[in-house]
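Take the given structure of chain A and dock chain B to it, following the hints.
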Amino acid sequence: KNEVEQSPQNLTAQEGEFITINCSYSVGISALHWLQQHPGGGIVSLFMLSSGKKKHGRLIATINIQEKHSSLHITASHPRDSAVYICAVHNTDKLIFGTGTRLQVFP
Amino acid sequence: DAGVTQSPTHLIKTRGQQVTLRCSPKSGHDTVSWYQQALGQGPQFIFQYYEEEERQRGNFPDRFSGHQFPNYSSELNVNALWLGDSALYLCASSLGVLANNEQFFGPGTRLTVL
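Quick mapping for you: the protein sequence lines, in order, are chains A and B.
Residues in the first sequence are numbered consecutively from 1, following my numbering.
Residues in the second sequence are numbered consecutively from 108, following my numbering.
Okay, chain A solo, but in the shape it has when bound:
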């Protein structure tokens, strides 16, 4: 079993839909990252959080430390949101990554 599990693996949506991507982890962490990876490979950090909730534009990330679970929400999704979204946790000074959720948003 992977130490960081994401669901779903693939997600398609119509423009405007509300998107939720989930991440569960089984190790102790000091922080959790949500990352976005576009075709071609470059990774952009969206959020780093260790408790509660963060919001940036149409993106919202929440974490429940007791349940070892985090969610990434995208409101009013747009085709430019199409990418792979990766959850990664800080464990003993290194990052452990989930396998990613591939999101496609159609007009």
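To be clear, the hints were calculated from the coordinates, so they are not data collected in a lab.
No experiment lies behind these values; they were computed from the predicted model shown.
Even for Gly, the Cβ is constructed at its ideal location relative to N, Cα and C.
Take the hints with a grain of salt, since some may be wrong.
[Unchecked claim] Some chain B residues flagged as far from chain A (calculated, every beta-carbon gap over 10 Å):
no. : residue
1   : L118
2   : G123
3   : D137
4   : P150
5   : S180
6   : G191
7   : S193
8   : L197
[To be verified] Have a look at the derived ranges for each label pair, beta carbon to beta carbon:
no. : chain 1 : residue 1 : chain 2 : residue 2 : range
9   : A       : S51       : B       : R122      : 46 to 54 Å
10  : B       : G147      : A       : N64       : 22 to 30 Å
11  : B       : G123      : A       : F18       : 44 to 52 Å
12  : B       : R122      : A       : Q66       : 43 to 51 Å
13  : A       : H56       : B       : Q163      : 36 to 44 Å
14  : A       : A76       : B       : A187      : 17 to 25 Å
15  : B       : E159      : A       : E3        : 39 to 47 Å
16  : A       : S7        : B       : A145      : 36 to 44 Å
17  : A       : S50       : B       : R164      : 38 to 46 Å
18  : A       : E17       : B       : P177      : 49 to 57 Å
19  : A       : H73       : B       : G123      : 23 to 31 Å
20  : A       : H56       : B       : N186      : 39 to 47 Å
21  : B       : F167      : A       : Q9        : 45 to 53 Å
22  : A       : H56       : B       : R164      : 46 to 54 Å
The following block gives chain B in isolation, referenced to the frame of chain A:
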């Protein structure tokens, strides 16, 4: 302010050859971590360099080695390449080695081993 840069962007090698990948960290950052991302998978931690020393290492064989220079740039060397080494190699930099320090990623080097 330049972000993390990596070179080359793409590379094709044959089995048994050796390869060197390069990373320049974000300005002001002193710590560099390397990751391997196979197709369809999440990145896997290779190792981390701080103060010119390998500070942590993931589950990768000794064929994978690295170096950090006084200007904090870093190299990843892979000897005796296997087909399975084909992947996107990502470099990330941060300020210091504390667990909660944010890491900034480079665009990656895509290595293909034939």
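Consistency of the hints with the structure:
| no. | hint | verdict |
| --- | --- | --- |
| 1 | L118 | 13 Å, holds |
| 2 | G123 | 25 Å, holds |
| 3 | D137 | 14 Å, holds |
| 4 | P150 | 5 Å, violated |
| 5 | S180 | 19 Å, holds |
| 6 | G191 | 17 Å, holds |
| 7 | S193 | 13 Å, holds |
| 8 | L197 | 7 Å, violated |
| 9 | S51(A) x R122(B): 46 to 54 Å | 48 Å, holds |
| 10 | G147(B) x N64(A): 22 to 30 Å | 28 Å, holds |
| 11 | G123(B) x F18(A): 44 to 52 Å | 51 Å, holds |
| 12 | R122(B) x Q66(A): 43 to 51 Å | 48 Å, holds |
| 13 | H56(A) x Q163(B): 36 to 44 Å | 30 Å, violated |
| 14 | A76(A) x A187(B): 17 to 25 Å | 50 Å, violated |
| 15 | E159(B) x E3(A): 39 to 47 Å | 30 Å, violated |
| 16 | S7(A) x A145(B): 36 to 44 Å | 20 Å, violated |
| 17 | S50(A) x R164(B): 38 to 46 Å | 25 Å, violated |
| 18 | E17(A) x P177(B): 49 to 57 Å | 50 Å, holds |
| 19 | H73(A) x G123(B): 23 to 31 Å | 48 Å, violated |
| 20 | H56(A) x N186(B): 39 to 47 Å | 42 Å, holds |
| 21 | F167(B) x Q9(A): 45 to 53 Å | 25 Å, violated |
| 22 | H56(A) x R164(B): 46 to 54 Å | 33 Å, violated |
Of the numbered hints listed earlier, those contradicted by the structure are 4, 8, 13, 14, 15, 16, 17, 19, 21 and 22.
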